[in-house]
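Sequential numbering of the sequence shown, starting at 1, is according to this note's numbering.
I should point out that these hints are in silico values taken from the structure, not numbers from a laboratory.
Mixed in with the good hints, there may be bad ones.
Label pairs and their computed distance ranges (CB to CB) [what the hints assert, rightly or not]: (1) Val371 <-> Arg117: 22 to 32 angstroms; (2) Arg117 <-> Arg28: 20 to 30 angstroms; (3) Asp132 <-> Lys310: 55 to 65 angstroms; (4) Glu303 <-> Gln385: 32 to 42 angstroms; (5) Gly297 <-> Asp111: 15 to 25 angstroms; (6) Glu125 <-> Gly198: 37 to 47 angstroms; (7) Gly547 <-> Leu110: 50 to 60 angstroms; (8) His229 <-> Asp132: 30 to 40 angstroms; (9) Lys310 <-> Arg380: 26 to 36 angstroms; (10) Phe559 <-> Leu296: 19 to 29 angstroms; (11) Arg342 <-> Thr410: 17 to 27 angstroms; (12) Asp139 <-> Cys490: 26 to 36 angstroms; (13) Asp111 <-> Arg7: 20 to 30 angstroms.
In the DSS-like style, the derived pairs of lysine-lysine whose C-alpha atoms are separated by at most 27 angstroms in a straight line are [what the hints assert, rightly or not]: (14) Lys499 <-> Lys222; (15) Lys310 <-> Lys222; (16) Lys294 <-> Lys499; (17) Lys488 <-> Lys222; (18) Lys294 <-> Lys315; (19) Lys310 <-> Lys294; (20) Lys499 <-> Lys488; (21) Lys223 <-> Lys16; (22) Lys488 <-> Lys223.
Just so we're clear, the structure is a prediction, and the values are computed from it rather than from any experiment.
We treat Cβ as the ideally placed atom computed from N, Cα and C, and that holds for glycine.
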Amino acid sequence: MAHKLTRLRDLLLSMKLVTREELAQAERMQRETPAPIGSILVSLGFLTEELLLSATAAQMGVSPWHLGDQPPQSAAIRRVPGNICRTYQLLPVEVRGDLLVVAMRNPLDLDAIDLVRNVAAMRIEPVLVDGDRLMRAIDDVYSATLREPDFGDLIDNAAETRSGRPRHMGQSVQKMDADSRPIVNLVNQLLSEAIRAGASDVHIEPRLERVDVRYRIDGQLKKVSEIPHTLLPMITTRLKIMAEIDIVEFRVPQDGRVSVQIDGRQVDLRVSVLPNHYGQRIALRILDQSRSLKSLGEIGFREADLNQFKALVRKPYGLFLVTGPTGSGKTTTLYAALAELRHVTNNIMTCEDPIEYDIDGISQSQVHEKVGLTFAVQLRATLRQDPDIILVGEIRDGETAQTAMRAAMTGHLVLSTLHCNDAPSAVPRLLDMEIDPFLLSTSLIGVMSQRLLRQLCPHCKEEREATGADLELIESFGPQSAAIWVPKGCALCSGSGYKGRAPVHEVMPVTPQLARMIAEREPVDSLREAAGFVSMQSEAIDMVLEGRTSLVEAQRMVFFGTAPARPAQPMLRAA
């Protein structure tokens, strides 16, 4: 394939496939309507598509492959993943011993041939195929549920990485050339596919003889592809270069970040590398600036919860906490609250680890625990900047909790997150950090807990009567009998039966009665009973009865073991 290519015109004449008169007529038409000379000859009826393919293959020094007469073998198809076939416009069609025949739009693409050779672990014979027939065949063979990416709008940051300059959130890297190295294209294909599918995380997980790639979509991990284990070192190196992580170190966990642009919007990636038994495991958190910054009205609050939440975060001072597990939308809710409170008369400052989204008009600062800049240290420094409202990314220890509460008692509104199961459990969680009960009772103004439940796909959900244990659970929250909805699965929801997520909340204002109980170290069950709020369990059952989610999904995300029934009296309001 290293020979000098003969002009197609000369080749067609030498093979006596067209006459000089026919070629001259085609060239006159080409001057008026620019198009490949071969396509014009076919359109004029001087040449068949099959003969043109044979002549073009001879021009390139390869054999032609006619997909209509020679369909691909299943043994060949299994050798190469579909995402690689789409990206490089090729299709494995035949296995001959240790030789794999690969039909290609461009059989001279050496980078693509090298990649397929590594993936299939076989010798490769490239053959020429008609481009349109090839893409139709790939679609028929590889039925993908996720849209494949276009590399042209992805970015490559190798040049900037070499400069050694630190990159901050929002700083883009250099634009990628779609014809660059195969591993660069493969990594970018994984990222762009995940971003366009709406994934929140990408997991690259080495196994014994393969590497699994899974995307977290709507809170659930979904396996999307397998990569040969031989490619793992190159993929790991590429991602480390992008995130400015030491590529030589493989014994300890590492973290980094990178900013990319796709479809005209900026996306930030947090990269975590963890040594594993079969290689380095990589987790990527996708932070899509354009998708995740929401207003309070877009969060999905019920009206009563929204009114109570707004009343609490608009107080002039005090500590307000949002609780829940990782990935339950705590940060998104607090960012929405900051956007609501943002005003030219307010000085709003944050202490975050990491800064997930850039909010205009708010001073955001990054915690760096490796150099001693902890949440507590950062918060104390922030208090010297004359803030009105402070967001503390997370309360992890007693020192941060003490500092946050003293800030709340000295005239600041402090918003933060805490990991615990429900709203009342925040109190014993803080007391376990050796917080003084009186200090807690006088600084805490409210706690909200939330979860994100997958919503049923409106196109395929099915209704059925609740019976047995399901009916007993529902009736404990009010209704005597009920119909519930269950997932089925269709093409629009990729067969999962769910599409999108919606939150359930429980908002617990700290009333004077609750403050007294906290100061006296009353047990959490007493606090829950005295608070009288509508629980997450009740809201989840409401979502089930409304047909928005399934009972199975509600039980997966919300613990019903000790769930209180819906209170008969109205919720207590904060004093």
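Going down the list of hints, with the structure as the test:
Restraint check, valine 371 to arginine 117: a C-beta distance of roughly 46 angstroms breaks the suggested window 22 to 32 angstroms. At about 44 angstroms, the CB distance of arginine 117 to arginine 28 disagrees with the hint of 20 to 30 angstroms. About 57 angstroms separates the C-beta atoms of aspartate 132 and lysine 310, a value consistent with the hinted range of 55 to 65 angstroms. At roughly 36 angstroms, the beta carbons of glutamate 303 and glutamine 385 sit within the given window of 32 to 42 angstroms.
A beta carbon spacing of about 49 angstroms between glycine 297 and aspartate 111 contradicts the range 15 to 25 angstroms that was offered as a hint. Separation of glutamate 125 from glycine 198 is about 39 angstroms and conforms to the stated range, judged on CB atoms against 37 to 47 angstroms. Look at glycine 547 against leucine 110: about 55 angstroms separates their beta carbons, and that is inside 50 to 60 angstroms. At about 35 angstroms, the beta-carbon gap between histidine 229 and aspartate 132 stays in the expected band of 30 to 40 angstroms.
In this structure the supplied range 26 to 36 angstroms holds for lysine 310 paired with arginine 380, their Cβ-Cβ distance being about 29 angstroms. Against the hinted window of 19 to 29 angstroms, the Cβ-Cβ separation of phenylalanine 559 and leucine 296 comes to about 26 angstroms, which satisfies the hint. Separated by about 22 angstroms at the C-beta atoms, arginine 342 and threonine 410 satisfy the suggested range of 17 to 27 angstroms. Between aspartate 139 and cysteine 490 the C-beta distance comes to about 19 angstroms, which lies outside the given range of 26 to 36 angstroms.
Checking the proposed 20 to 30 angstroms range against aspartate 111 and arginine 7 shows it holds: the Cβ atoms sit about 25 angstroms from each other. With a C-alpha separation of about 14 angstroms, the suggested pair lysine 499 and lysine 222 falls inside the 27 angstroms cut-off, and the hint holds. Using a Cα cut-off of 27 angstroms, the hinted pair lysine 310 and lysine 222 is violated, with the two alpha carbons roughly 36 angstroms apart. A threshold of 27 angstroms between alpha carbons decides the hint, and for lysine 294 with lysine 499 the separation of about 19 angstroms falls inside it, so the pair holds.
Distance check on the hinted pair: lysine 488 and lysine 222 sit about 17 angstroms apart at the alpha-carbon level, within 27 angstroms; holds. Straight-line distance between C-alpha atoms of lysine 294 and lysine 315 comes to about 21 angstroms, which keeps the hinted pair within the 27 angstroms bound. Distance check on the hinted pair: lysine 310 and lysine 294 sit about 15 angstroms apart at the alpha-carbon level, within 27 angstroms; holds. Of the pairs offered as hints, the one joining lysine 499 and lysine 488 holds, with about 12 angstroms between alpha carbons and a cut-off of 27 angstroms not exceeded.
A C-alpha spacing of about 53 angstroms is found between lysine 223 and lysine 16, which places the hinted pair above 27 angstroms, so the restraint is violated. Taken as a hint, the lysine 488 and lysine 223 pair is honoured in the structure, with Cα atoms around 19 angstroms apart against an allowance of 27 angstroms.
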